[in-house]
Amino acid sequence: MDQFFNVVALGMLLGGTYALVSVGLNLIFGVIRIVNFSQGEFLMLGMYGAYLGYSTMGLDPYAGAFIVVPALTLLGMVVYWLVMRPLQNEPMMQVFASFGLLLLIQNVVLAITGGVGMSMNTPFSQVTLTIAGVQFSATRLIILLAALVAAGGLGLFLAKTNFGQAIRAVAQDRMAAQLMGINVERTFMWSFGIGTGLAGLAGVLLTPIYTLSPQIGGNFVMAAFAVVVLGGLGSVLGALVGGFIVGLTEAFAGYYIDPELKHAVIFIVFIAVLLIKPSGLFGQAGAEEVGLREQS
Amino acid sequence: MKKFNGAGVLAVLVGAGWITVAAAQEGTIKIGAITPNTGGMAVLGNDLANWYELAADEINAKGGVLGKKVKIIRGDATNAQEAIAAVDKLATVDKVDIISGTIASFISQAASEAAVNYNKMYWETNALAVELTTRGLPNFLRTGPSAAYYAMQAADVSKGKVASVVGKPVNKLKIWVEHEDSNYGTSIATEVDRLMKAEGATVQIAGHKASAVDLTDSILRAQQANPDIFIISGYVVDTHLLLRTMRERNFKPAATILIGLGDSPDTLKAIGPEYLQGILIVTFPRQAINQKYAPGSDAVNKAYVDKYKVPSIGNAGINGYVGMQILFKAIEATKGDMSVSALMKAAKAMDMPIGSFTTGYGVKFDENMQNTRGQAVTYQWQGDSTKVVWPQEAALDGVSMIKLARP
Amino acid sequence: MSNLDLAQSGALGDSRLAGRRGAAEVWTVANELPTFFAVVAAIGLAVYLLSNQFFYLNLLTMALLFGGLAVSWNIIGGFGGQFSIAHSVFFAIGAYTAGNLYKHFGVSPWIAILPAMLLSAAVAAIVSWPVFRLRGPFFAIATMALTEVAIAFAMHWKAVTGGASGLTIPYRAGLENMIFQQRWAYAALFLGYLAVTLLTSIVILRSRLGYYLQAVRDNDKAAEASGIPIMWTKLKGMAISAALTGIGGVFFMMYVRIVEPAGLLSLFDVGVKIALIALIGGIGTIYGPLLGALILVPLDYWLRAFMGSAVPGGNLIVLGLILVLGSLFMKKGVAGALRQVYRAWSRQQ
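Protein chains in written order, with the numbering used here: chain A, 1 to 296; chain B, 297 to 703; chain C, 704 to 1052.
Do not rely on the hints blindly, as some may be mistaken.
[To be verified] Now the in silico label distances, taken between C-beta atoms and shown as ranges:
# : chain 1 : residue 1 : chain 2 : residue 2 : range
1 : A       : F124      : B       : V606      : 24 to 32 angstroms
2 : C       : A1040     : A       : W81       : 18 to 26 angstroms
3 : B       : L692      : A       : L82       : 34 to 42 angstroms
[Claimed, not checked] List time: in silico DSBU-like cross-link candidates among lysine-lysine, alpha-carbon distance up to 35 angstroms:
#  : chain 1 : residue 1 : chain 2 : residue 2
4  : B       : K565      : B       : K455
5  : C       : K861      : B       : K660
6  : B       : K548      : B       : K364
7  : C       : K806      : B       : K641
8  : B       : K644      : B       : K364
9  : B       : K365      : B       : K605
10 : B       : K468      : C       : K861
11 : C       : K939      : A       : K160
12 : B       : K364      : B       : K565
13 : B       : K565      : B       : K326
14 : B       : K641      : B       : K605
15 : B       : K625      : B       : K493
16 : B       : K699      : B       : K358
17 : B       : K464      : B       : K605
18 : B       : K565      : B       : K358
19 : B       : K493      : C       : K939
20 : B       : K641      : B       : K683
21 : C       : K924      : B       : K644
22 : C       : K806      : B       : K493
23 : B       : K588      : B       : K365
24 : B       : K455      : B       : K468
25 : B       : K588      : B       : K603
26 : B       : K364      : B       : K603
27 : B       : K358      : B       : K548
28 : B       : K455      : C       : K924
29 : B       : K598      : B       : K631
30 : B       : K641      : B       : K364
31 : C       : K924      : B       : K660
32 : B       : K470      : C       : K924
33 : B       : K548      : B       : K326
34 : B       : K598      : B       : K391
35 : C       : K924      : B       : K548
36 : B       : K358      : B       : K470
37 : C       : K806      : A       : K277
38 : B       : K631      : B       : K588
39 : B       : K683      : B       : K457
Source of the hints: derived by calculation from the structure; they are not laboratory data. We put the CB at the ideal spot given by N, CA and C, even for glycine.
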């Protein structure tokens, strides 16, 4: 029982991690409905970018974010324009292409680095706060805060700004949006770019915790797909809540059941929730069809 | 499609099949090396193939084996079906004489059976699963240690040294083995469990996924069990994550033993020298080892850096280097006959004492064709580097195990 | 990813064309048989020609296995529009059934085919029944979750799966053991498997079930309104698809003789790969998935053999590039591209 609050804290921090990874995916997969298997690779690129800044210029990863995030936003926009845009009427082929991108990006990094593990050890990454016997790692707390800020920012952006409304409009009905004078392709390009930029942000913030490998992106993104679906496609609040559900489930299953079984438990919980609410926790009924009807 | 004739497409595909590669070179001994070259194990596979090539370079510089140059031809496989394809390619396209490898046991298993079809020797140097040599495959032997030997060294150092440093008799020791749950980590953990239970120690083994995003749960559970010896058998990413979490949670068991990795500069960078002090690593000879025990290991590690510009990253690579040298000796013994029966016979007849090779190995195969004269050694983090501390005779003069229990 | 988008993506032209043509001329199984026999004979000839070129024969063998798997997947994934990435689960069930029956009870793998099919179909029906309530991306991601659960399950159920170290079968060549020394025998085995899946797929496409599945895919609300039992249709399609996939697992087990959960249930190496093969070939068509396998699988193996050793990951860099370019230049899959070429050609005539 003495560990109970430690496990809760752990689950919340882990939830922050999953929520942060899911924010970008939610924009790409949830809002503009592109099944992007290579999302994890953008996260991985973010990690390597932060590492590169750290090892060559001594740049703290948190400062490196100001370079890495715009760079990955730009890369995402280029990828959208060159690969996803020509396939906008072929969503299944977009899936296929994104798998090609996954192989391409992952193995370019493998070829360059030889797959050797890379780590950094910033002074900040060793700080832990202890409050009433419960431990919080400072790097994980930052991630949690970033997840809240990013989700909140994205939510406000989608709800309040003209451009955010344009994104939602395009996602819901491309034809109508176009008739309203929205530049559809440009809107999608920006959404995709912001999504990959957010993946990069997650990567940067995770770098102080992990040893980098070219395959590491997949470790986060499989769960993130579950989080986005669990929360309800496109719901920013849903992704946040979904992240915490997955994080807490993982912490409790790992500590009280068996660390080897925690992934199975997460996905069983995931399926169970979907069976009760087939369109996700905060999704609208029929949400799975929105945007797809209009794409041909 | 309905009106389209599938045969046309097939003709094109089949046509690709006729591309054949130049005929075999005369006067070279061609050794196929099957290792994983993509995916998570690529770094280990590449390193092992590098070591094979280093061994070939060295013998070629001395005039080759029986006057013939040795050529290593790499083959790439990350799973059983790719292993079969790799053997097909090496045997029919490259026409190699002998096939060698492998990092992962299931690749070795499938590849060695495929090699039977071509009547080729499968000269295993590195795969760990104990069962590989007990299959009774006619073309298979293993020069390096099985998982049992990693475990034996871990058990040996625990019994011979750590117990006394911890201040408990062996049968009162509490041991926690934390392993990644694929074949690699599991087989080592199972062996440690068996060996230490036989000594009367209390052992608990626990698994985790190497791809887990967080391992705090594993550490919390171990911390609660409060073991005297905490053994980690994992891959790089998860081992580092475990160590970081241990540092964060201030978990300092009396002794920590890492198996197979954890002595690289990157580990130092990830964890920092402070927490690493006194942590033990069961691995193969690399540096700071008594040259009487492991003759020439300093020189060969330097040669590796000269050739590849980076220090060897896979700890078991040098074990493959020695395996190649044993193969060269066997080929010399058969006077160049590379048939399975001749090589097996030559190998069976080999009898070289411990300390004959750079890893401190000797050669003596048992009835399953497992080399019995090979063992790992134990290093310890002392200051900014690792030094051999066990077995005693492998340690440099003046080096001994530093205090393990940390405040 | 949903039923709707599959239908509207246009990647399915073939079957719908056939439907339209049906107004003038009803297509039956008999109409399909000449093409079927021609394709099987052509591949049989290729096997014969390559029977001494073991490396290339093996490429073809693997292509036939994955061709059979993709054709099986296509029944529910293509005709039915249910984008499952969990077919590795049924593949694994087949492999473990045959492996255990052979290893522990000496049951010939030929006999094991039946229980493997039944078990795969039963598991498919049981797990699909709840999951089929989900649609589109929800369904696809739920099947991904199933794979994860299955891996954890396989890792833990050591008595059946051998846990992480895997299940191995001793090498004892013999027709009754389905273990062959002659390499062409495996090619013939997998060709037989492919033929069975193709024939099943032809029969289904021209049966009531086939039309039901396509109706559900194209517009499930309309299908329901016209009295088609949606859940029953999907379940039947899934069970048949899974049973065929299970047979593939049986053959695969006897071919590699070692399977371990991480490889067998790999999301990308098996589950997603099967779907992608069908996708690039031409989803929802009869021969598209086979075409995808005949192109993609040998390409993968060939690149690995001849480029894999130069730079770590070099072969996959090239493969990734080809996949991206392939999707850009063949937006309707290979079958679609060929159809376009054929149309252009016949217009010229």
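Here is how each hint holds up against the structure:
Remark: the range hint 24 to 32 angstroms for F124(A) to V606(B) is upheld by a beta-carbon distance near 29 angstroms. Take A1040(C) and W81(A): their Cβ atoms lie about 23 angstroms apart, and the range 18 to 26 angstroms holds. As the Cβ distance of L692(B) to L82(A) is approximately 57 angstroms, the hint placing it in 34 to 42 angstroms is violated. Taking the CA atoms of K565(B) and K455(B), the gap is about 30 angstroms. The hint holds against a cut of 35 angstroms.
The straight-line distance between the Cα atoms of K861(C) and K660(B) is roughly 34 angstroms, inside the 35 angstroms bound, and the hint therefore holds. Distance hint between K548(B) and K364(B) is unfulfilled; the C-alpha atoms sit about 55 angstroms from each other, more than 35 angstroms. Only pairs whose Cα atoms come within 35 angstroms are accepted, and K806(C) paired with K641(B) is accepted, the gap being roughly 31 angstroms. With a C-alpha separation of about 23 angstroms, the suggested pair K644(B) and K364(B) falls inside the 35 angstroms cut-off, and the hint holds.
Proximity of K365(B) to K605(B) is assessed by CA-CA distance (about 24 angstroms); at most 35 angstroms being required, the pair is judged to hold. Among the hinted pairs, K468(B) with K861(C) is consistent with the structure: their alpha-carbon atoms are about 30 angstroms apart, no more than 35 angstroms. Between K939(C) and K160(A) the alpha-carbon distance is near 47 angstroms, which puts this suggested pair outside the 35 angstroms criterion. Taken as a hint, the K364(B) and K565(B) pair is broken in the structure, with Cα atoms around 44 angstroms apart against an allowance of 35 angstroms.
About 40 angstroms separates the Cα atoms of K565(B) and K326(B), which puts this hinted pair outside 35 angstroms; it is violated. Simply put, K641(B) and K605(B) have alpha-carbon atoms about 39 angstroms apart, too far for the 35 angstroms limit, and the pair is violated. A hinted pair counts as satisfied when its Cα atoms are at most 35 angstroms apart, and K625(B) with K493(B) does not qualify at roughly 39 angstroms. For a cut-off of 35 angstroms, the pair hint linking K699(B) to K358(B) is broken: about 45 angstroms separates their Cα positions.
Simply put, K464(B) and K605(B) have alpha-carbon atoms about 45 angstroms apart, too far for the 35 angstroms limit, and the pair is violated. Distance restraint check for K565(B) and K358(B): the Cα-Cα separation of roughly 39 angstroms exceeds the 35 angstroms cut-off, and the hinted pair is therefore not satisfied. A C-alpha spacing of about 52 angstroms is found between K493(B) and K939(C), which places the hinted pair above 35 angstroms, so the restraint is violated. Note on K641(B) and K683(B): the hinted pairing is violated, with a Cα-Cα distance of about 38 angstroms set against a maximum of 35 angstroms.
Pair hint K924(C) plus K644(B) does not hold up; C-alpha atoms about 73 angstroms apart against a cutoff of 35 angstroms. For the hint linking K806(C) to K493(B), the alpha-carbon distance of about 30 angstroms falls within 35 angstroms, and the restraint holds. For the suggested pair K588(B) and K365(B), the alpha carbons sit about 30 angstroms apart, so the restraint of at most 35 angstroms is met. Under the criterion of a C-alpha separation no larger than 35 angstroms, the hint pairing K455(B) with K468(B) is consistent with the structure, at around 11 angstroms.
For the hint pairing K588(B) with K603(B), the CA-to-CA distance comes to about 25 angstroms; that is within 35 angstroms, so the pair holds. In summary, the hint linking K364(B) to K603(B) is supported, as the alpha carbons are separated by about 22 angstroms, within the 35 angstroms threshold. Using a Cα cut-off of 35 angstroms, the hinted pair K358(B) and K548(B) is violated, with the two alpha carbons roughly 50 angstroms apart. Using a Cα cut-off of 35 angstroms, the hinted pair K455(B) and K924(C) is violated, with the two alpha carbons roughly 71 angstroms apart.
Only pairs whose Cα atoms come within 35 angstroms are accepted, and K598(B) paired with K631(B) is accepted, the gap being roughly 32 angstroms. With a CA separation close to 21 angstroms, the supplied pair K641(B) and K364(B) stays within the 35 angstroms bound. Restraint check for K924(C) and K660(B): the C-alpha separation of about 73 angstroms exceeds 35 angstroms, so the hint is violated. Taken as a hint, the K470(B) and K924(C) pair is broken in the structure, with Cα atoms around 63 angstroms apart against an allowance of 35 angstroms.
Pair hint K548(B) plus K326(B) does not hold up; C-alpha atoms about 50 angstroms apart against a cutoff of 35 angstroms. Distance check on the hinted pair: K598(B) and K391(B) sit about 33 angstroms apart at the alpha-carbon level, within 35 angstroms; holds. Proximity of K924(C) to K548(B) is assessed by CA-CA distance (about 62 angstroms); at most 35 angstroms being required, the pair is judged violated. Of the supplied pair hints, the one linking K358(B) and K470(B) is violated, its CA atoms being roughly 51 angstroms apart against a limit of 35 angstroms.
Taking the CA atoms of K806(C) and K277(A), the gap is about 44 angstroms. The hint is violated against a cut of 35 angstroms. Using a Cα cut-off of 35 angstroms, the hinted pair K631(B) and K588(B) holds, with the two alpha carbons roughly 30 angstroms apart. Proximity of K683(B) to K457(B) is assessed by CA-CA distance (about 15 angstroms); at most 35 angstroms being required, the pair is judged to hold.
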